[in-house]
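Visitor: So the chains spell out like this:
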Amino acid sequence: MSGFLRDARHRTWLLLVIATGATFWLRVDSDIGLAAAAGTIAIAYIKGRLIVLDFMELRHAPRIWKGIFETWLFVVSAIILAVYRFGLPAIGSA
Amino acid sequence: MSAIAATPDAAEYSTRRLPGDQDVWIFIIAELLMFGAFFIAYIVNRAGEVDLFNASQLTLDRSFGVVNTLLLVTSSWAVVEAAAAVRGNRAALAPCYLLIAIGLGVAFIVVKFFEYSAKFEAGLSMTTNTFYMFYFCLTMIHLAHVVVGTIILIVMWTNARNGNYAAAHTKGLETGASYWHMVDLLWIFLFALLYLLR
Chain R
7 MSGFLRDARH RTWLLLVIAT GATFWLRVDS DIGLAAAAGT IAIAYIKGRL IVLDFMELRH
67 APRIWKGIFE TWLFVVSAII LAVYRFGLPA IGSA
Chain P
8 MSAIAATPDA AEYSTRRLPG DQDVWIFIIA ELLMFGAFFI AYIVNRAGEV DLFNASQLTL
68 DRSFGVVNTL LLVTSSWAVV EAAAAVRGNR AALAPCYLLI AIGLGVAFIV VKFFEYSAKF
128 EAGLSMTTNT FYMFYFCLTM IHLAHVVVGT IILIVMWTNA RNGNYAAAHT KGLETGASYW
188 HMVDLLWIFL FALLYLLR
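Residue numbers (this note's numbering), protein chains in the order written: chain R, 7 to 100; chain P, 8 to 205.
Among the hints, erroneous ones may be present.
[As the list claims (entries may be wrong)] Which chain P residues stay away from chain R? Per the calculated CB distances, all over 12 angstroms, these:
| no. | residue |
| --- | --- |
| 1 | 24 |
| 2 | 103 |
| 3 | 150 |
[As the list claims (entries may be wrong)] Simulated restraints, written as ranges between beta carbons of each label pair:
| no. | chain 1 | residue 1 | chain 2 | residue 2 | range |
| --- | --- | --- | --- | --- | --- |
| 4 | P | 174 | R | 80 | 26 to 36 angstroms |
| 5 | R | 11 | P | 44 | 20 to 30 angstroms |
| 6 | P | 133 | R | 13 | 38 to 48 angstroms |
| 7 | R | 68 | P | 121 | 41 to 51 angstroms |
| 8 | R | 84 | P | 137 | 30 to 40 angstroms |
| 9 | P | 44 | R | 65 | 25 to 35 angstroms |
| 10 | R | 13 | P | 130 | 42 to 52 angstroms |
| 11 | R | 31 | P | 178 | 34 to 44 angstroms |
Treat the hints as calculated values from the structure; they're not laboratory data.
Backbone N, C-alpha and C fix where the C-beta goes; we use that ideal spot for every residue, glycine too.
Chain P extracted, bound-state conformation (with noise of 0.2 angstroms):
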């Protein structure tokens, strides 16, 4: 048993280490495959009708979704930093870092409004046409992931501030984490799809 034990794949599989809880990142791959799926649909409708598609995507402001993935980006690197500052015995600097991401993960939804309230003034919305459908569907189901995973941030961040993460206490606030980095994943390959790829 201990020769098993001793063997290189067997040493090196014990230093690897998933962070937070199994079942979240089972979770996890269940929401890729699902907006895995969304994405394909996507360029695959896009393919057949390709000049729709363009002239609608010019109707966009490109700035709300450069402005949103920066803010999704910095949100994720600040809950990276509160967990390196509970693991390195920092723990009283974390609710800093989760209040800054909780902070810009609110920007993300206030900037999501009134980007949705111009288009709605225009005229448009989902039934406008088939980019339309999908701009407002897929925009707004990641939407509701960030506002999940906003209070999330903001149970993790009460928990921080009560004390309860400590460097051999972090599966809590890895687990949180993990989700609200897929949030930021996700929006990455929307913001390309959606606003650049004509």
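For reference, chain R alone in the conformation it holds in the complex (with noise of 0.2 angstroms):
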């Protein structure tokens, strides 16, 4: 097991999985509430982090293709934490 956790794909994958059981506790255990959403988000972005950077292999790209990827996945899960926490503006309630 040592030797097959010796390679940083396989230590990826290892860590997606055990990524993916813990979303998975914290959604059953915690009955939600705000801090178990955070966390739940925040594997997700983890997850998608680990397959941008070491399975899309981009952790070593020209700046530029790897920024766009890392902006997309911080954008999309600040925005999901955002909308989730303080829900919709009240646009046009005057």
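Combine the two chains into a complex, taking the hints into account.
Guide: Right under this line is the structure:
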């Protein structure tokens, strides 16, 4: 097993499997709440980043390409969390 | 000219490399922007009908979501291993890894078939409510990507079997692999939004 984990690709896969289990546990045991919701979104962000950097191999790509994907991950995760927490702005209610 | 090439930035840029065909990355960015808009549309609609979304979400079987996540993540890993095998002059192993990836992709489609069947048998459909409209639309659009990705993997497997990939010829393999990893990436967020976030 330690030989298997010496390889970064295998470690990334194992982290993704563990993170999937962690999300499931968070959802089932905590009957949500803001912390569990934030944890769920944070884990999706971390899993997405592992896929982008290690599976898509953008860790060593030109910065502009890596930056585009990092920005997408951050912006989408941040908007999901913000709308979950604060709801919608009351547009047009004077 | 040589002075410019010798600057640290230029040297660093030359060592940084985008795998596969640049055009597929443009396509992937377009897909991410489209799905990003879908994710935001989902969370915004949810904010307007929180109780309905939470109640509807309880009718989903999270086990299906977890199994499908593990299938796609492991399939992505097998594709990464295929690329590593080709680069490491072990190209003979690539068809084996790609076959594993194809099998897991097909398994994802089969799991989705059973999941949809259970929903339709329970009388649930796209017109049941807003949550189910999003659930069916988003997962079906994603499923179409899984089907296309699995076909691409089969083409890659055929190429690998025919010895078309080698350490110096990885572009086609990397291009198909990038698409498959995108399918995995999108599912990670769909799983969190549809199955977990209440």
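Visitor: Each hint needs a verdict: does it hold in this structure or not?
Guide: Going down the list of hints, with the structure as the test:
A Cβ of chain R approaches the Cβ of residue 24/P within 12 angstroms, the least distance being about 7 angstroms, so the stated non-interface status is violated. Distance to chain R confirms residue 103/P as a non-interface residue, since its nearest Cβ pair spans about 16 angstroms, more than 12 angstroms. For residue 150/P, the requirement that its beta carbon stay farther than 12 angstroms from each beta carbon of chain R is met, with the minimum near 19 angstroms. Separation of residue 174/P from residue 80/R is about 35 angstroms and conforms to the stated range, judged on CB atoms against 26 to 36 angstroms.
The hinted window of 20 to 30 angstroms between residue 11/R and residue 44/P is violated, with their beta carbons roughly 38 angstroms apart. Range check, residue 133/P to residue 13/R: Cβ separation about 43 angstroms, and the 38 to 48 angstroms hint holds. Roughly 43 angstroms separates the CB atoms of residue 68/R and residue 121/P, a value that falls within the hinted 41 to 51 angstroms. Between residue 84/R and residue 137/P the Cβ separation comes to about 23 angstroms, which falls outside the hinted range of 30 to 40 angstroms.
Roughly 27 angstroms separates the CB atoms of residue 44/P and residue 65/R, a value that falls within the hinted 25 to 35 angstroms. Separation of residue 13/R from residue 130/P is about 48 angstroms and conforms to the stated range, judged on CB atoms against 42 to 52 angstroms. In this structure, residue 31/R and residue 178/P meet the distance hint of 34 to 44 angstroms, their C-beta atoms being roughly 41 angstroms apart.
This entry does not satisfy hints 1, 5 and 8, going by the numbered hints stated previously.
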